[in-house]
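Peer 1: Here's the letter readout for the chains.
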Amino acid sequence: MSAAHSTSPLPGAAPAVGITVEGLSKRFGAFEVLRGVSFTVQPGEIFVLMGPSGSGKSVLLKHLVGLERPSSGRTTVAGLDGADPATRERVRMALVFQAGALFNSLSVYDNLALYPREHRLGNEAAIRDRVMRALQILSLENAVQKFPAELSGGMKKRVAIARALVMEPQLLLYDEPTSELDPVMSATITEIIATLRQRYQVTSIVVSHDRDLALAIADRVGILMGGELIFLGPPADLRNPTDPRVADFLNPRIDLEHPRFKHLET
Amino acid sequence: MPNTLSASPASRGTPSVTDRLLTWLPTPVFQVLHGTGSTLLLLGRTLRHVPSLPRQFGRFIEQCHLIGYTTMPIVGILSFFIGSVLALQSGHAGENVGYKQFIGALVGLTMARELGPVMAAVLLAGRVGSAIAAELASMKVYQEVDALETMNIPPERMLVLPRLAAVLTMMPVLTIMADLVGWFGGAIVSKYTHFISIEPASYFANLRQYMDFSDVLNGLIKAEIFGLTVVLVCCNIGLNTRGGPREIGASVTRAVVTSLILILVLDFFVTKALM
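Order-wise, the sequence lines are chains A and B. For the first sequence, this note's numbering gives the first residue as 2, with consecutive numbering after it. For the second sequence, this note's numbering gives the first residue as 29, with consecutive numbering after it.
Think of the hints as simulated: they come from the structure by calculation, not from any bench. Check before you lean on any hint, since a few could be wrong.
[Said to hold, decoys possible] Quick list of in silico lysine to any residue cross-link-like pairs, SDA-like style, CA-CA up to 20 Å: (1) A:Lys63 - B:Val169; (2) A:Lys63 - A:Asp85; (3) A:Lys63 - B:Gly271; (4) A:Lys263 - A:Pro253; (5) A:Lys63 - A:Asp82; (6) B:Lys219 - B:Pro190; (7) A:Lys63 - B:Lys128; (8) A:Lys63 - B:Ile181; (9) A:Lys63 - A:Ser39; (10) A:Lys63 - B:Glu177; (11) B:Lys128 - B:Gly271; (12) A:Lys63 - B:Ala229; (13) A:Lys63 - B:Gln171; (14) A:Lys147 - A:Phe104; (15) A:Lys63 - B:Gly272; (16) A:Lys63 - A:Arg28; (17) A:Lys63 - A:Gly80; (18) A:Lys147 - A:Asp82; (19) A:Lys63 - A:Leu81; (20) A:Lys263 - A:Arg246; (21) A:Lys263 - A:Pro53; (22) A:Lys63 - A:Pro53; (23) A:Lys147 - A:Asp111; (24) B:Lys219 - B:Leu116; (25) B:Lys128 - B:Gly272; (26) A:Lys147 - A:Asp130; (27) A:Lys63 - B:Arg270; (28) A:Lys63 - B:Asn268; (29) B:Lys219 - B:Thr138; (30) B:Lys128 - B:Gln237.
[To be verified] If the Cβ cut is set under 7 Å, some of the chain B residues that face chain A in the computed set are: (31) Asp174; (32) Ala175; (33) Asn180.
Even for Gly, the Cβ is constructed at its ideal location relative to N, Cα and C.
Sequences are here, hints too, so could you generate the full structure?
Peer 2: If you want it as structure tokens, here you go:
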């Protein structure tokens, strides 16, 4: 998918950044969540990271924004160490959390205005302009005064994306953006992710189990299973996978005679 | 089961030699050391943001309202009855021993040096500390704190600093109010209790005779130390919560219990130091 425009949603946006993950391992006590994962993401690319629940996708994402520190290996964002808090000061990166992680005590407007206010990015009029533009892009103008508790699941995800957009991110990370949504809303969120990349060339990493999303918008897909990267390639290669684990993950056969959970029990 | 370090960012990587040594300590000792250390580190990280306090003015005022204004009624009610009971008990005992005329000084000194700051701090822990721990624990569990970190907004600057500044501003106000209301309660009981029957004028004259500003100042210093401790402990426990709703409840309980214990332990040492 080509990135046709490089216009920023807001003035002053910096160029997209590349990512490297080198031999990343993460251990929680005796449990090894990630085992020597390596890949790169090019600036402006949409990289979709798939995998079954508990395979370490979200943990990997947290390493990229410095919320987790690797047990071994490293991540870099624009060539800077991802575990170093100073990287967040030099590269604008935004994470759209699975549940939104909106500030419940703040209205939608204040949720979006928090970042520019705290970083003193202009006076209140400029901040209002910036926030309203982000809300307009996500068609959320009518939700300005609402509080997160008053929003539907799909709206919460859109507000979370709008909040990320206000940061003028060079790197936009999405954690399960289409989970718990109906098929139409999932398609809408998928279109939003693709549109944001197409218009603003932001590097996007999407953690998801949504096969349709990966096939529709990914430049490359990685599949994480048991903490290891078992597939890395363009989405077209997913149509006829050679690895049986990838095939089973993407097209799981429902077998009532020999159900999977029986195998898991033994 | 070995001790495990909390979820603070600095402790998430490969355990250091110190971390490994700490795992051999008995769990209660480890918890006390770890709690003390992480609370002091939180104080250090928060103090780094003091220059940005003017930008947090709105949040500071909001916290002053919560910590000060909304706590005043309960501090007033409790202090009134504590002053009353003090007068009643000392009047009852003093009737036989013959020191009834010193009730004013006794209530005045006890309220100013001890019960005013301690009761204000106990109520702060129960009413405000629990709310702080619950709010921050909930923000942590529902990833709002993580969201702040990814936005490069230090949680200490936005969540801890305004609360610390507010408690340092409001604790003297609450303590002076507790002292005044307690003295007033003692005066009323002293006048209307038949076996005491001391006029307010002589009650307050006695109070003024044996008290000076240093007694009140002594109580205010204590109040500041208690307030700072309660808010820091509750913020630290809230921000280190991991899990779900059950852990939020557990954090609130731990924050209040730890605060109450610390108030009484610190009270002894601060009293001794100020003597």
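Peer 1: If you test the structure against every hint from before, which numbers come out violated?
Peer 2: Hints 6, 7, 11, 12, 18 and 25 contradicted; others consistent.
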